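With the hints as constraints, model all of the structure from the sequences given.
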Amino acid sequence: MGSTSTSTFDDQGPSKDNSSFSADCLELLNLVLDEEASEGQRKFFFEHLKGCMPCHEQFNIDMAIKKMIKERCGKNVPEGLMETIRAKVLQSADQHE
Amino acid sequence: MSDKSRKGYTKKEKDTIFESEFLPHIDSMYNFAYRLTFDEDDSKDLVQDTYLKAYRFIESFEQGTNAKAWLFRILKNSFINDFRKKSKEPSKVDYQEVETFYNSDEIDKTITTDLRVETVQEMIGDEISNALNSLDVDFRTVIILCDLEGFKYDEMAKILDIPIGTVRSRLHRARNLLKERLSSYAKKMGYKN
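Chains as they are written, first to last, in this note's numbering: chain S, 1 to 97; chain P, 1 to 193.
Everything labelled a hint here was simulated from the structure, so no lab data went into it. Computed from a predicted model, the values in this text were never measured in an experiment. Among the hints, erroneous ones may be present.
[Claimed, not checked] With a straight-line cut-off of 30 Å between C-alpha atoms, the simulated DSS-like cross-links for lysine-lysine are:
(1) P:K53 x S:K75
(2) P:K76 x S:K67
(3) S:K75 x P:K76
(4) S:K88 x P:K53
(5) S:K70 x P:K76
(6) S:K43 x P:K158
(7) P:K68 x S:K75
(8) S:K66 x P:K44
[Said to hold, decoys possible] Here are some of the chain P residues that sit facing chain S, going by a computed Cβ distance under 8 Å:
(9) F18
(10) I26
(11) E40
(12) K44
(13) V47
(14) Q48
(15) Y51
(16) Y55
(17) L115
(18) V117
(19) V120
(20) S129
(21) L132
(22) I143
(23) C146
(24) K152
[Unchecked claim] Now the in silico label distances, taken between C-beta atoms and shown as ranges:
(25) S:K88 x P:T10: 14 to 22 Å
(26) P:G150 x S:D94: 30 to 38 Å
(27) P:I164 x S:G40: 15 to 23 Å
(28) S:K88 x P:D27: 15 to 23 Å
All C-beta atoms, glycine included, are put in the ideal place defined by N, C-alpha and C.
Written out as structure tokens, the structure is:
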């Protein structure tokens, strides 16, 4: 968690203002989003989401974007490239034998 | 280092590692190369070059460790050393500026609140893809590695040769920028925000 402890999370909480979040919230949100949070942090975060609409919305948007990237931004290798690479690598290996 | 890598691999072992641990990642490698170069021929060259290097330096690969991360690191280095120099890619972002941004209060103010989940879900792939491609290469890279390829922060740190804290701050900034781009796409396309 770096130098910032999430223990301040209870006290600070996200701001009531929709346009602003506490840095602790954002840090925790990203950790949960990327499955890097500890079990305790996850529990804490989801408990917090129940009472915090801005964080809840933000988390859902971030999740949706992450899912879209995973599903829509892939690209398959052009046909024949694997065979070309295999042949070149084996050829270079033979030369070095 | 294991006994195996100290002794070195036989030719047969090398070929097996190449075939079963390296080649299965070719789609991800090509996609990464394409998102870095935006050029099909450059991407092919970059992937081919990466595989040739991977085989040549296979002794430094320890079987059972993460082959995909190892390959991505080679590809990233090849891109920086061989391709970036000659590409028209804008110069690197100023990391100091990024870190300063992360440590400032400004970070709390950059969340786009006008983007809705439904809007994101209604977008077609091209919009997300174009928004991603419009980011500076260093920001684009962390999103690709994390969200598309599923690398963990520590793996990303090794691939990119940066501390984990920098991975996190760069990823955070990249996501904010991506949301800004998606939000302006949404406005342009007339989505209800």
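Item to complete: Please write out, lowest number first, the hints stated earlier that are contradicted by the structure.
Response: No hint contradicted; all consistent.
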